[in-house]
Amino acid sequence: MVSPLYLIAMLLGAAFLHPLIQNRSKLAGQLVVLVVLGATVAIPLQWLMALDIATMQTVVFQTAGFTAPLSINLQVGVEESLFLVIINGGALFSALYFFRRRTREWEGSVQILLMTLVLGVNGLVLGRDLFNLFVFMEISSLSLYALVATTKTANSYEAGIKLMVAGGIASALFLIGVVFLYRMTGTLNLDDMIANKQLLDNKAGITALFLITASLLIELKPFPANGWGADVYQAADPGVSALTSGTSATAIFFVLYKITPLFGFELLQVVAASGGITFIFSQLLAYKQDSVRRMLGYSSIGQIGLLILVVALGSLYGEAFTTTMFGGIFLLVLLLGGNHLFSKAGLFWMSGITGQHSLGTMRQSKTVRLGPVGAALQGILTSALAGFPPFPAFWAKWIVITALLAFGSYWWASIILIGSLIEAAYLFKWFLNAVKSPVDPGTVHDEVIPEDFPEEPVKEPMAGASPAGIVARIARQSSGGWIAPFMATAVLVACGMLLATMFILRGRISGYRDMVLLLPLAVLVLWTVFDVIRVPFKLQIGLAIICSAGYGLVFLPGLDGIRLVFGLIFIAGSAVQMVPLLNRRGHHRGLAGMLLALVFSLGNLLFASSALEFFFSWELMTITSFFLVVRGRQASGAALRYLVFSLGGAFSILAGLFFGSSPLAALLLGIGFLVKMGTLGLHIWLPGAYAETDDDMSTFFSSVTSKAGLFMLFLLAGLFVQEAIPAGFAAGTRLESLLSGIAFTDLLGWLGVVTAFAGAFLALFKEDIKYTLAYSSMGQVGYMLLSFALMSQLGWMNSLYLAVTHLMFKGMLFVAISGVVYRTKTRLMYQMGGLITRMPITFFTVLIGIIAVSGVPPLTGFGAKWMLYTALIEKGWYLQAALAMFASGIAFLYLFRLIHVIFLGQLKDEHRTVTEAPIWMLIPQVVGIAGIMLYSMYPSLLLKPLEAAVAPFFETTISWDGYTVLSTLGYWNGTAVMYVTMGVFLVPLLWLLIVQRKNTQKVGQFNIVYAAERPYRPETTHFGYNFFAPYEKALGFLHKPLATRFWYRVVSVAEVAGSMVRKLYTGNIQTYALWIVIYTSILLSILQRGM
Amino acid sequence: MNEIMTKAWYTLISLFVITNYGLLLGGTMARVRAKVQGRIGQPVWQPYIDILKNNFKRTGIYHGVMFYLGPVFRLAGGLGTYLFIPAVYGSLVFSNFSFSGDLLLVMYFIFFGQLGMALGAGQSGHPYSPLGVSRGLAQMTAFEVPFALSVIAIAAQYQTLSITEIVAAQQGGILNWVAFTNPLAMVAGMISFLGMSMGNPFSVVIAPQEIPIGPPTEMQSSFLGMLQTNRAIFNGAKLVLFMNLYFGGATNIWIMVIKTFLIYLYTVIVDASFPRFRTDQSIRFFLGTPALIGIAAVVLQML
Amino acid sequence: MKESNMDGLQTTATETEQQLEDMAKEMRLANDGLLEQDKGYFCDVRPHRVEPYKGIMESFANWARSQSLWILGFGTGCGAIELRPLMTSRFDMYRYGIQARPTPRQSCVFIIGGYASVKTLKRIVRSYEQMQGPKFVLGLGSCTVNGGMYWDSYNTINRIDQYIPVDVYIAGCMPRPEALLGGFIKLKQMIREGKCEGMNKYIDDFDWYKANQKQIIHDWNMPDYNW
Amino acid sequence: MTHIVLALGFLLVCIGFWGLMTRKEVFRLIISFSLLDTGVHVIMVGIGYVRTGTAPIFDEALAVAGAVGKVVDPVPSALVLTAIVIGLAVTALMLSFAIRLHASRGSLAVDDMKELKW
Amino acid sequence: MATERQERTIQEVKDSDPVCDAQTGLKFVHVEADQAVAYITRLRDVQGYTHLVFFTAIDYIEDSIFRLTYMVHNYASRQDLGVQVDIPRHGTTMESIHHLWPHAATYQRELKEMFGIDFPGSPGLDDSFILEGWTGIPPMRREFDTKLYSEQTYFPRPGRVTHDTTAYMKEKLYPSEAETW
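Protein chains in written order, with our numbering: chain A, 1 to 1091; chain B, 1 to 303; chain C, 1 to 227; chain D, 1 to 118; chain E, 1 to 181.
Hints in this document: simulated from the structure, not taken from any laboratory. Since we're looking at a predicted model, the values are computed, not measured. The beta-carbon is built from N, C-alpha and C at its ideal position, and this holds for glycine as well. Careful, some of the hints might be misleading.
Dumping the calculated DSBU-like pairs for lysine-lysine here, alpha-carbon to alpha-carbon at most 35 Å [what the hints assert, rightly or not]: (1) K54(C) - K201(C); (2) K24(D) - K152(A); (3) K7(B) - K944(A); (4) K170(E) - K210(C); (5) K39(C) - K1002(A); (6) K147(E) - K112(E); (7) K288(A) - K24(D); (8) K24(D) - K1063(A).
Listed next, the stretches of chain A that the computed footprint assigns to chain D, with coverage defined by at least 3 CB atoms under 8 Å from CB atoms of chain D [to be verified]: (9) 134-148; (10) 577-587; (11) 981-987.
Starting from the given sequences, assemble the full structure and let the hints guide the process.
In C-alpha cells:
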C-alpha cells in the first residue's frame, strides 16, 4: 500500500514547485496538476485493491515515529479510500474543466489553490487527530476563500468576505471545542476519544462536542445560518462552486461522519433535525430561485443536509440500515454523497459552459438552447441528482426510505420524499428551460387556444459518419470544458449500471429471465452508441420494432392470464405504435432508444418479482417517458407537470410498498397508480403530456403507457377490496355506521365513473384536437377503472376488454390525427375541415375509431358498453351506471365533433393540396381497423380468452350459446348484430343506387343553399368553433379547471413559503453572522433541554 | 336454409307492417293536429305522396360519399332499431331479431342512425346542418339521462335487460305494467320520450325558421324520401319500445296499434300545447326534474 | 397487317378521347362572373334536359307531384304577406297537399311574391336554380306580369318571365289568398296534364335566359348555374 | 489566574462578536474578527495552563515518569501557535479582499455589500 | 376643434331662433357646409341632441344644390331639430359624421350611391347599398331619366296604357254615378 503521506507530500510539493514549472511552460504546469490529481485518484484505488472490502478493513499509518496519542495518525480504510476516490475524482474533473475552459480564471495561482484545496481535503478525510483536522480544514478553507475570489468581481470579493467571516466563527467554535475536549479526555486522537467516550457523557462534554459539531455544521451551511453559502455559489465561478459543493463540502461532511461515534442520542437528534430542516427549506428556497447558480447552491446545501440527516438517523436507528446491504450506513453515505458530488458538480459546470445565469420565468425564456450533447448531459445529470434509476441516489433513496419506514419513522420519510419532489421540480424546470424550443411558451396552454406554431428551422445536416468525423466532432464538443461534465456523467452512468446489476441481480443469475429487468439500461446504452456512430434513425426505429417483437416472442409466452393480456398491450401494442415513427426524416437523437427503453420498462412491470424490481422499472418508465414528452415542440410546461405528478405518484407508491396490506398501503399505492392513470383530480398532467408530445408519439402514451397503472391495480387488487375506513374510526358515533362497509373499490368505482364523465365533458370544449383525444383517453381510463372496481367477472373482463380495444381504437385515432396534423400543420380543429376528399383512408380510420369508441353497435365498443352496464346493474351500482351512460352520450358528442370539424364541412384553401397521410402512418391504422373489424365480427375471439384470464379470480356468471354471450341479465350476439346491420345497411344503399343512378350531380363545396346568397370564404362557412355552445351555456359551470386551481394553490403554498423564507437572507454579512449565533444558541438550548 | 328463408319473410312482413303503420300514424297525427287548429288538414295518405314525389324527382345533387351514405345510415339505423325490438309479445313474425341483443343494444343502436345522418349532413358543407346536429346531439345526450335512469330502474326491478322478459313480466293485467309498478320510471321515461320525438318544446333541433330544418337542409329528392321513410319506421320503433318498456307490450298487433297510437297522441298533445325551448334550456330541463325523478326511481330500487 | 390494325385502333381511341374531351368542354360552363380563385368552389357542369317518363308512369308521377306541392318560403316582395293567410284555418292550404319548406332543395313551387328588384332577381335566379326539378313558378301579382305600379322605376323588373320560366300568373295588386288558391289549383291541373315543363324550358333556352339575366345583373359574382 | 485568563478570553470573544454584529465597515469587522480570534487563543492558553506547573522540557529536573501532573500541557500552546498562524493568514486574506473590494466597488460599508441576497 | 370663426357662427346660430316649419312643427337650422359638423358635434355633446334620426339629401337641381338634412333628437326635451346644409351639386363632398354616430356611415353610403355625394373617411362608403354593380349616373339625381332607363332595360310588356285616374274611373268603373259628382 502506498503511504497516505505521499499523497499529501505530493500535493504539497507540486503546489510549491508549480510556479517554477509554470514559468517554464504553461502547458507543463497544467499537465503537472493533472498528473498529480490523477495520482490522487490512483492511490486510493490502489488502496482499495489492497484492502479487504468485505470486512471494511482499515489500516492506520503513524507519523513521526510515534504511536497514536503522541503523534498524528492517518487512517486508510475502505471508507476513506472510496471517499477519496470520488472527492479527488471530482477535483480532477474540475481541473479538466478549468483546463479546457482556457479562461482567465485558469491561472497558475488557481492551479496551486486547487492543489492545496485537494491537499486539505485529503487530510480531512484521512486525519484522525482533531486538531489536525482543524488545520486541514483551515488549509482547504483558505484555498477556497482564495478560489472564490478568482473571478475578480466585486461580488466575488463580497462573497469571499462573507464566507471568511462565517468560516472564522466556525473555526473559533471548533478550536474552543477541541480544547475543551482535549481538557476532558486528555487526547486529541479520535480513536482514543471514541474509546473513552464515557468521559464525555456529561454536560460539559456534550457541550464541547456540540461546539465541534456546530462548527462542522456551520461549515456545511445549515438552515438558516447559510446565507453566505448561497451567496458564494451565486458569485463564484461555476468551477469553484463545483469544488465548494462537491469536494470541500463532501470532505467536511466526512469529518462529521467520522466523529458521529462520539455523539450521544440527544446530539444525534439535534443533528438530524438540523439536517432535515436544512434539506426541506433549502429545496423550498431553491424552488423560488431565479439565478441558476444560486438555485444549484441551495440544492447543494439541501443535499448536504440530507446527507447529515441520513448519517444522524443511521446512527440513531443503526440496525435498520445495516440490514440492507454491505457497509450499512456507509454505503448510503457513499451513494448519496458520490451521486451528489458528481451530478451537482456536473450541473455547475454545465451552467458555466452555457453561461446561463438567470432561469427567467418559464414564460419569457432568454435561454441558451442546449445542443443534443448538452441536453443529454444535463438530462442525465439532472436525473441522477433527482434520484432516478439507475443512478446511485435512486438506490440510496430506496434504502433510506425502506429503513425509515421499517423503523416507523414516517415523518422523516415524508420530509425526504417531499423535499426530493421539490428538488426534482426545480431541477427539471431548469433542464426544460435549457432544452425547450424557442417557440415554446413554457406553460400548459390548457385553457387558452394556442397560437399556431411557426415552422421550426430545419436543422442543417450533420457531418458524415466516418470515424474521422466522429473523432473530430467529439474533439470539437469536448473543448470548452464539455469534458468535465461528460466525465462526471460517465462516472455516474457507469456507477448506475454497476449498481443496477448489483441490486437487481443480487448475485443470482439463473438464466436470461433475470436479466430482463436490466434490458432497458442496455438498450439505452446501445442506442446511444448508435446515435454516436450515426446509425440512421429509420434503422434505429426498425431495430427497436424488431427488438420489441423479439422481447414479446421470448418473454411473453412464459406468462398467462392477466399478465399476458397486459404483456400483449405493452409489447405488441408498442411495436405497432412505433411504425409511424418510420415516417420521420432526419436524425432524432435518443428518441428510438428512449422509446424502446420505455417499452421494455413497461414490459418489465410484468416480470418484477420484488418491490425493488417493480419500483425500479416503474421509475425507469417515468423518466424515459418524461424524456419522450420533452421532445414535443411546446411540451416543456406539460412535461414538467408530468414529471412532478409522476414522481409524486412514484413516491406515494414507494411509501405504500412498506405498509403490507393495510388500508394505508392501499391508499398510497392507489394514489400512485391513479396518478399514472390520470383520474379526476390527479389528471392535470395528462392532457398536456398526451397532447404536447410529438404527434406520432402521443398514441404511445395514451394507448399504452396509461395502462401501466391499471395493470398494477389488477396485480394488487386484493388490497382494494378492504374497507377504506379502518375499524375504530369515529367509533360509537353515527359516522361509524355510515362509513363502515365502504371498501376502496367503492371509492374507485365512483372515481372511475366521475373520471369518465369529466374526461368526456372536458374533451367536449377543446378546440385543440390532441387535447380532445387526451381527455378522451382520460375518460376511457375512467371506464376501465370503474369496471375494475366492480370486482366481478364481467367487470374485470370488461376492464381488460376495454384496455385491449382502447389500444386499438385510440391508437388508430391518435395515429390518424397525427397524420392529419402532419399534413395540415395545425392542431386546431376549426382550422381544418373538408379533409375527407383529401385524406379518405384517414377519414375511414377515424370513422371506425369513433364508432368503436362511442360504443355504437355493431363495432367492438358496444361490447364494452354491454358488459359495463350489465355488470353495473348486476352489482347494484345503478347511479354509477346512469352517470356512465351520460358520459358515453357526451363522448358521442365530442367524437362527432372530431370527425365533423376535421373531415366534413368546408375544405380550406390552404388544405387544397394536402395529400393522404404517409404510408407508415397508415399501417398502424390498417392494423387497428383489421383488429376492430375482426373482434366486431367475432367478439368471442376476444371475450373467451379474457374469460379464461379472469377465471381464477371469480365465479363465472356468463355463459355461451353459440356466438351469443349470456349474462344473468341479458344477452348479446355480436355476430348476429353485425349481419343484421350489414343487411339493413345494404338494402337502402342498393335502393338509392338504383333510384339515383343518373341525373344526380356531385356539386362543389360552395354549391349550398345559403339563404339565397353565396358563401365567400370556407372559413366563415365552416361551423366548427365552439361546436357545442349550448352545452357550455347549460353546464359550463362544470367546466371550470377546479383540479388545476387546487394544484396551483398547492404549488403557490410552496412558493409563498419559499419567498417568505428567503427574506431571511438579506445579504447583510452581519445578519448572516447573527443567524449563525442564533442557530448555535438554539441548537445548544435544545440540547441542554434534552439532557 | 329453410329457417333463414322463413325468417327473411317474417322480417319483410314485419318491416312492411311497421312502415305502413308509421306512415299512416304520421298522416293521422297531422290530421289530428289540424283538427286542433280548426283546419281540415292534409289527407291521411299525404306522407305516402310526399315520399313518392321525392322519389320521382328528376334531378338531385350530392356533396360527397358521406352525403350519399348519410340517409342510408339513417334508414339502416331506423330499420335496425326496429329489428332488435320484439314488436309483439309471443308473435313469431314480429319477434324480429330480438335474440341478438337486449335493451342496451337497442339504446345504443339509436346512435347508429344519428351518427350516419350527422355525417351526411356534415359533408354537405352547409353551416346550418352541423348547427342542427350540434343542437340535436346536445339535446339527445340530455334526454338520454332520464331515459337511462328509467331503464336502469326497470332492469333493476325485473333483474333483466331482455325486452322480451320485461314484457313477459308485465303480463297478466294492467296493474302489472311498469307504469303502475314503477310509476316514477315511467314518468322519467315518458318525459324523455318527448325529447326523443323532437316535438315542442324540444323542437329547436329542426327549427325551420332559423336553421332551415337543421341537419337535412341540403337533402332532397330520394335522399329526402329515404329520410321520410325512416321517420315513419323509427317513430314506430320508438313507440313500440316505449310500449314494451312501460305499458305491458302487446300480445297482438291491434293492441300494439292502440297503445302506440295513444303514446303518440300524448306527444302530439304536448307538441301542440307548448312553445319551444332553447337548446341549453332543454338540456337544463332534462337534467333537472326528469333526472331527479329517474334518480328517485333508481334509488327506490336500491332500497 | 397486325400492326396496321393496331394503328387503326389507336387512332380511333385518340379520336374518341378527343371527342369526349370536346364534349366535356362543351358541358362545362364558363363561370366568367366568378373570380379566378373562386371557380374551384363551384360546380361548373352545364345542366342538362331530363326527359319525362313515358306513359302512365309519368302520369302517376305527375299526380304525385301535383298532390304534394312544397312552396319555397322566400317572400320576394310585398305579395308574400298574402302567403301567410293560406296557412291559417280559413284557407288551410295543407288540405291540397301544399306545404312551406324553408330550403329550395326540398321545394318544388317558387312563388314570386310581388315586384322584384334587380337585387332580388339575383337571389330569385339563384334559388330557382337550386331547386330540384321538376319545379314550378307562380307569378303573384301584377308586378310580376308587367312591373305593376312601379314599372318605370330604375330598379323594378317588369316581366319575370324574361328571366325564369313562369307556369302560372296570378294577376292583381294584391291578389287575395283565394286567388292564390285558384292559382294553385290551376297549377295542379297543369302539372297533371304534363304542361309544366318549365325546368326543361329553362335548360333548353338556357343561353337566352342567362343573357337576359346578365344584362341587368351587373354584379354577377356567381356561377352561371347554381347547382 | 486561569479564571482571569479565561474570563479575559471570553471577554475578547464577546467584544469580537459585538464588533462583528454592530460595526458597519469591513475593516472594523476584520479588527473585530481579529479580536475574536485572539480571544479564542487566550481561552485555549488558559485551558492548558497549570498553575504550579513548569515548562514541559524533559531534563534532569523533570523526569518523564510523573511529569504529567507537574508540567504545563504543551499541546494547547502548540495548538495556539498554529492557530495564530492560521488566523494571521485568514486576516491577511480578508484585508486583501477588503482592498480589492474597495478598489472595485469604492466602498467598504457593510450596507453596500448587498448585491447577493435572497 | 372648431375655429374661432366657427365658434362665433355657432354662437350666432344658437342665439337666433331656428326656423319653425309651420306645417309639421319641426324646427330647422341652416348652417354653412364648413361649420356643419362642428355645429352638430356641439348639438350632440352640449345641447343634448344625442340621437341622429336620419340623414338625407334633396336634389334642388334648379338651385344647383343638394340640401342635406341631419335630423337630430333630444330625448330630454323631446325636441327634434333639423340641420340643413346646402352643398353644390358638382364636385360634391361633405365632411363625414360617422365618428359622431356610427350608423351615420350607412346613411352616407346610401347618399354616395344614390346621389354621388362623397364622404371621405366614412367606412364602407363604396360598398354597394342597393344597386349592385351600378355604373351609370346615380339614380336619385334628377337628371337621371328613370322611365327611359326602365323602358330601355326591363323589357316592358307591350300594351301598357296609362289613364288619367279620374277620367278612367268616371268612364269605366262608375259610369252611372258619374253625373252625381
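Evaluated hints:
Distance restraint check for K54(C) and K201(C): the Cα-Cα separation of roughly 18 Å lies within the 35 Å cut-off, and the hinted pair is therefore satisfied. For a cut-off of 35 Å, the pair hint linking K24(D) to K152(A) stands: about 23 Å separates their Cα positions. As the CA atoms of K7(B) and K944(A) are separated by approximately 29 Å, the hinted pair is consistent with the 35 Å bound. Straight-line distance between C-alpha atoms of K170(E) and K210(C) comes to about 44 Å, which puts the hinted pair past the 35 Å bound.
For the hint pairing K39(C) with K1002(A), the CA-to-CA distance comes to about 15 Å; that is within 35 Å, so the pair holds. About 22 Å separates the Cα atoms of K147(E) and K112(E), which keeps this hinted pair within 35 Å; it holds. Restraint check for K288(A) and K24(D): the C-alpha separation of about 30 Å stays at or below 35 Å, so the hint holds. For the hint linking K24(D) to K1063(A), the alpha-carbon distance of about 21 Å falls within 35 Å, and the restraint holds.
Using a Cβ-Cβ cut-off of 8 Å, 6 residues of the stretch 134-148 of chain A lie near chain D, which meets the minimum of three, so the contact claim holds. Closer than 8 Å: that is the beta-carbon criterion, and the stretch 577-587 of chain A has 0 residues meeting it against chain D, so the requirement of 3 is violated. Against chain D, the stretch 981-987 of chain A contributes 0 residues with a C-beta closer than 8 Å to a partner C-beta. That does not satisfy the three-residue criterion, and the hint is violated.
Consistency with the previously given hints fails for numbers 4, 10 and 11, ordered from lowest to highest.
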